[in-house]
Every structure is written in structure tokens, then in C-alpha cells.
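*Asks:* Single-letter residue listing:
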Amino acid sequence: MRELRIHGRGGQGSVTAAELIAYAAFEGGVFSQAFPAFGVERRGAPVQAFVRFSDEKIRLRSQVYEPDYIIVQDPTLIGDVDVFNGMSTGGIAIINTEKPDFDSRVPEGVKVYTIDATTIALEELGVPITNTTLMGAFAAATGEIGLEPLKNALRRRFSGSMADKNIKAAERAYNQIGGAA
Amino acid sequence: MLEFMEGSHAVAEIVKRCRPQVIAAYPITPQTHIVEDLAQMVANCEIDAEYITVESEFSALSACLGASAAGSRVYSATTSQGLALMFEVCFNAAGMRQPIVMTIANRSLGAPLSIWNDQQDSISLRDSGWLQFYAEDNQETVDLHMIAYKVCEDHDILLPAFVCFDGFILSHTYEPVAIPTQEEVDAYLPAFNPYQRLDAENPLSFGMYATPEYYMEFRYEVDRAQQRAKDAFIKAGREFGEQFGRDYSALVEGYRLEDADTALVAMGSICGTAKDAIDEMRDAGKKVGLLKIRTFRPFPAQEIAAALSGVSTVAVLDKNISLGSGGAVGTEVKAALYGSGISVYDYIIALGGRDVRKRDIAAVVDLAEKGEGDMFYGLRTEVL
Numbered sequence: 001m002r003e004l005r006i007h008g009r010g011g012q013g014s015v016t017a018a019e020l021i022a023y024a025a026f027e028g029g030v031f032s033q034a035f036p037a038f039g040v041e042r043r044g045a046p047v048q049a050f051v052r053f054s055d056e057k058i059r060l061r062s063q064v065y066e067p068d069y070i071i072v073q074d075p076t077l078i079g080d081v082d083v084f085n086g087m088s089t090g091g092i093a094i095i096n097t098e099k100p101d102f103d104s105r106v107p108e109g110v111k112v113y114t115i116d117a118t119t120i121a122l123e124e125l126g127v128p129i130t131n132t133t134l135m136g137a138f139a140a141a142t143g144e145i146g147l148e149p150l151k152n153a154l155r156r157r158f159s160g161s162m163a164d165k166n167i168k169a170a171e172r173a174y175n176q177i178g179g180a181a
Numbered sequence: 182m183l184e185f186m187e188g189s190h191a192v193a194e195i196v197k198r199c200r201p202q203v204i205a206a207y208p209i210t211p212q213t214h215i216v217e218d219l220a221q222m223v224a225n226c227e228i229d230a231e232y233i234t235v236e237s238e239f240s241a242l243s244a245c246l247g248a249s250a251a252g253s254r255v256y257s258a259t260t261s262q263g264l265a266l267m268f269e270v271c272f273n274a275a276g277m278r279q280p281i282v283m284t285i286a287n288r289s290l291g292a293p294l295s296i297w298n299d300q301q302d303s304i305s306l307r308d309s310g311w312l313q314f315y316a317e318d319n320q321e322t323v324d325l326h327m328i329a330y331k332v333c334e335d336h337d338i339l340l341p342a343f344v345c346f347d348g349f350i351l352s353h354t355y356e357p358v359a360i361p362t363q364e365e366v367d368a369y370l371p372a373f374n375p376y377q378r379l380d381a382e383n384p385l386s387f388g389m390y391a392t393p394e395y396y397m398e399f400r401y402e403v404d405r406a407q408q409r410a411k412d413a414f415i416k417a418g419r420e421f422g423e424q425f426g427r428d429y430s431a432l433v434e435g436y437r438l439e440d441a442d443t444a445l446v447a448m449g450s451i452c453g454t455a456k457d458a459i460d461e462m463r464d465a466g467k468k469v470g471l472l473k474i475r476t477f478r479p480f481p482a483q484e485i486a487a488a489l490s491g492v493s494t495v496a497v498l499d500k501n502i503s504l505g506s507g508g509a510v511g512t513e514v515k516a517a518l519y520g521s522g523i524s525v526y527d528y529i530i531a532l533g534g535r536d537v538r539k540r541d542i543a544a545v546v547d548l549a550e551k552g553e554g555d556m557f558y559g560l561r562t563e564v565l
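Chains as they are written, first to last, in the working numbering: chain A, 1 to 181; chain B, 182 to 565.
Bound conformation, chain A alone (with noise of 0.2 Å):
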């Protein structure tokens, strides 16, 4: 089983986020599960989304201590959260900033993805809102869900151009760290 802990801010999407790329993963045929840390909801406050990956029924429904992959939608949460807890050798951190040279103590053996999402977001969808971005980002670092599940996945929940735009900024990041990767 692998699991992935995305860290954001209440109103950018990291539910939603958990959500799609758990649909895409059982898209692809493995047995998956998604969930909120529940917190009291509120916008910018720190909040957290859980997804687990695994080729047999999930059972269990702890909240994720010791991912193997984590999303930081939100640079600024570097520093009050610490966000790289429980990660270990092997595991992928896939982190939205402009700088890759962020100030963190990263644990040894992680690898990490930075991507300019919010820019990408911003230029695709005309709001600062990276959860679909980095999405991509994700299935290219991970390889967890293929590039057209998670697109089936954005249709499912967006229609139309709307649909279109956020299919349009995954794919923009896939193609970014699918260098990188």
C-alpha cells in the first residue's frame, strides 16, 4: 500500500484534489481511498487530504502518518507545518513554489518536484487555485495514475471549457517534471 498527504490551505482544493486522483488510481484498476483530515473548515487555514493506493481491499482508516508521497499546494505552509513528517527514504515530495530552493530540512532519501503551479494555474485558469495542476505533477513524479485516467477524472468533475482549462494545466505540469522524472 502506498499513501499520499496533501497539505494546503481551506479553499485551494486539496479534498477535491484527493478526491480525483483516487478516482483516477481506480480508474487505472487498483483499489483506492480518499479522505479529509477533518478539521473545522476554514479558508487559509492549514488543512490536509489523505489518498491510499493498493492492489487489495482497503481497510484500514487511520489518517496518514508515514506517506510516501506528499503534495504542498501552498509554499508558505513550509515552516508552520512540517510537512515532510513521517516521509522516509524513497519517498516524493511534489511542492508548489517559484523558489526552488526552498528552506526546509528535506529527510534523506527523499526526492522532491518543485513546480511554479501557482503560475501555471494562473495562466490556465485565470485563479490561483493548483490543486488540478499539480495533480499532474503528481501522476508524472509517481506514475500512480496515468495522464488519462486523471484527464477522465477532471472531466467527471468539471464540464465544458472548464473542463478543458484544468485538463490543459495538468498537462502542463506532466510535461514539466515528465522531465524531470
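There could be a bad hint or two in this list.
As the list claims (entries may be wrong) - 25 Å max Cα-Cα, derived PhoX-like pairs, lysine-lysine:
{"id": "1", "chain 1": "B", "residue 1": "LYS411", "chain 2": "B", "residue 2": "LYS515"}
{"id": "2", "chain 1": "B", "residue 1": "LYS539", "chain 2": "B", "residue 2": "LYS467"}
{"id": "3", "chain 1": "B", "residue 1": "LYS468", "chain 2": "B", "residue 2": "LYS515"}
{"id": "4", "chain 1": "A", "residue 1": "LYS57", "chain 2": "B", "residue 2": "LYS411"}
{"id": "5", "chain 1": "B", "residue 1": "LYS539", "chain 2": "B", "residue 2": "LYS551"}
{"id": "6", "chain 1": "B", "residue 1": "LYS467", "chain 2": "A", "residue 2": "LYS57"}
{"id": "7", "chain 1": "A", "residue 1": "LYS111", "chain 2": "A", "residue 2": "LYS99"}
{"id": "8", "chain 1": "A", "residue 1": "LYS151", "chain 2": "A", "residue 2": "LYS165"}
{"id": "9", "chain 1": "A", "residue 1": "LYS57", "chain 2": "B", "residue 2": "LYS551"}
Rather than coming from a laboratory, the hints here were simulated on the basis of the structure.
Chain A is already provided as a structure; the job is to place chain B on it using the hints.
*Replies:* Only chain B this time, still in chain A's reference frame:
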């Protein structure tokens, strides 16, 4: 066919297929998504039901009670403070023998205010006469709704039921679920055939005044119906298994219990985490198993005693507390095992949404094997 969806949405989908004729509910976290979905389905004419919007949970269940007495299949859903507000109507619904099915998205009770999960709400209605079924995952939640209607509407039973699933932990989790088709549900669950109904041509009264010469017999009849519900559940669960391949013919379900020295006993979603923890403990050479209680009411005392007859130590996980006494499940498991010589310890755990990890389950097993129990597990002593 498995579909990927949120637990609350899965509940709404199966309730739709159970064809309720009247739905009355008041939204409350974490039940909200269920009733939002159902309200939308009614508005879209996907369900041929009357959706009664009400100003409180007291009115919601009162509306269901009246509609049920008038001969309709009814549905409601609530949690926590909402269920507390229904307290009086719950006793009346059972006493009037109305087969109402209500989903409980289990949540703690205030004060202090908490929106998070434990099972204090439904457990606190244990003496109301309602059947209480607890689900481990969202598939079981879906399936128990169909079984609940079948058991409740059986003319030998005629009792209301809670289908309990852990708030947030299941209600807000997306996972694969098989939702039976309308045709499949219709084949399993026939149209509601009321035993009696309010009828202006043949007037009846429900819940009339009972003098001391009659009251006790009414209570006795409810208790007898609860006892009969064990066989009705087993039968309905077996029929479900025959049709859908998922067997629910057991009131309790063992996991790796065959040669276990120590058994955990639990209800609801914590059973999933416990099973993963047990696999790890087994790999480390510990003989540990789990007994999952599916029906808290009727309480399967004999089935529990039979299932646990081979173990020496029992650790009960209670997501509730009868303040001043102990956990409700542990108290009844101790009574079920009275005189057996088995050591039974109770652990109050996960109140108000405190997360439970595999290592917590292992720690409880260690405590029980050391003979330390009847305690709150995981207290933050630094804040006491």
C-alpha cells in the same frame, strides 16, 4: 460493479433504490451530504417520495412516525445532537412498532461541542427499542440499509432500525462501492406491506394511553420482537448473500479468531484498522483475533460467548462511555462472558474523533495481556 464514490453519496443511492415514500430529515454534520443528495433526487423526480423539510430533528422523526403509521415506507438520517433531540420520538417509534430506517452518521455529543466521530449518539439510544446495526466500511453500510428495511418490515418484528456508520471516517471517505441496481433491490426488498395503517374508514389509534394493567406487556412485546430480530437478521443476511454474494448471516463476525489467545471486540470502522493491526501482530507471532459486533441491538450475547469460547483474554474497544460506569459494549460483553473465566478488559478509545492507528490497537492488546484495562486509552495526561 464497483464504483468510486463518497460514503454519504452511496447511502443516498441505496436509499433511493429502497423506494422510500416519505423522507423527513434535518441537516446536521456529518450527515448533511446524505440528505442533500436525497433532497436533490426528490427534486429531480428520481425518487417518487415526499421530502418533508422540517425545522428540527424532533419534527423530522415525528413526520416519519406519522407517515409510517399511515402506511408509507419512510427514511430519515441524523447524528449526535440531532439524535438527542429525537430521543422522545425514538421511544415512541419503537413502542408504536413502526419500521422506520434511519442512518446514523455516528458523532460525539456535546458538551464540549465536537463534530467528530465516536458512537456515543446511537449507543445512548440503546434502550429505546430500535435495532442497531454497525458498518465497518461503505459497502457494508450500503448493504445494511437493504437488510434493515427487510428486517424492520417483517411482520414478526415491526421495529425501527439505526444503520450506523462512522461520521467522517466513512461518511466523507471516497472508496469503491457496489451499488445494486434498482431491479436487484426490487428483487430483494418487496414493496412495503404495512401490518396496520391509519385509515379514516377503519379508525385506529397508535401509542395510546396504557394503564399499569397493560404497560408492561407492551414493553415485553418490544423486547420479544428484539429477540426475534436475531433470526430475522440472519435470514435476511443469508438471502442477501445468496443474491449479492456478500454474506451477512452473522450477528458477529470473527477475524483470525480460530487459534487466538487474545481477542479484540469492536464495532464499526475501527474493525478495519484492527484487522490490519492483527495481520502485523500475527506476523510477529502474536495469536490475536477480532470479533466484530454487527448488531448491537439485539445484542448477540450467546453468539459472542460462543465465538470467544477459545480465548483467554478479551479487549473491548468502546467508542462511547456510560459516564460513571464504563463502555457500553464492554459492559455487555462482560455480562455475556460472565462465569467463563475469560479476562475481559474495556478500553474507552477514539472519543470525539481522536485518530486510531495500528500501533494503538497493538498497544491495547499489550495492555490486555498485561492485565491492565477498564480504562481510557490514549489520554493526554499533560492536559489533565
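*Asks:* Would you mind marking each hint as holding or not holding in the structure?
*Replies:* Hints, verified against the model:
1. LYS411/B with LYS515/B: 20 Å, holds
2. LYS539/B with LYS467/B: Given pair LYS539/B, LYS467/B holds - Cα atoms ~14 Å apart, limit 25 Å.
3. LYS468/B with LYS515/B: Distance ~21 Å between LYS468/B and LYS515/B Cα, so the pair holds.
4. LYS57/A with LYS411/B: 29 Å, violated
5. LYS539/B with LYS551/B: With Cα atoms ~19 Å apart, LYS539/B and LYS551/B stay inside 25 Å; holds.
6. LYS467/B with LYS57/A: Holds: LYS467/B and LYS57/A sit about 24 Å apart, inside 25 Å.
7. LYS111/A with LYS99/A: Since the Cα atoms of LYS111/A and LYS99/A sit roughly 16 Å apart, the hinted pair holds (cutoff 25 Å).
8. LYS151/A with LYS165/A: Measuring from Cα to Cα gives roughly 11 Å; hence the hint holds.
9. LYS57/A with LYS551/B: Not OK: LYS57/A and LYS551/B at ~33 Å, beyond 25 Å, violated.
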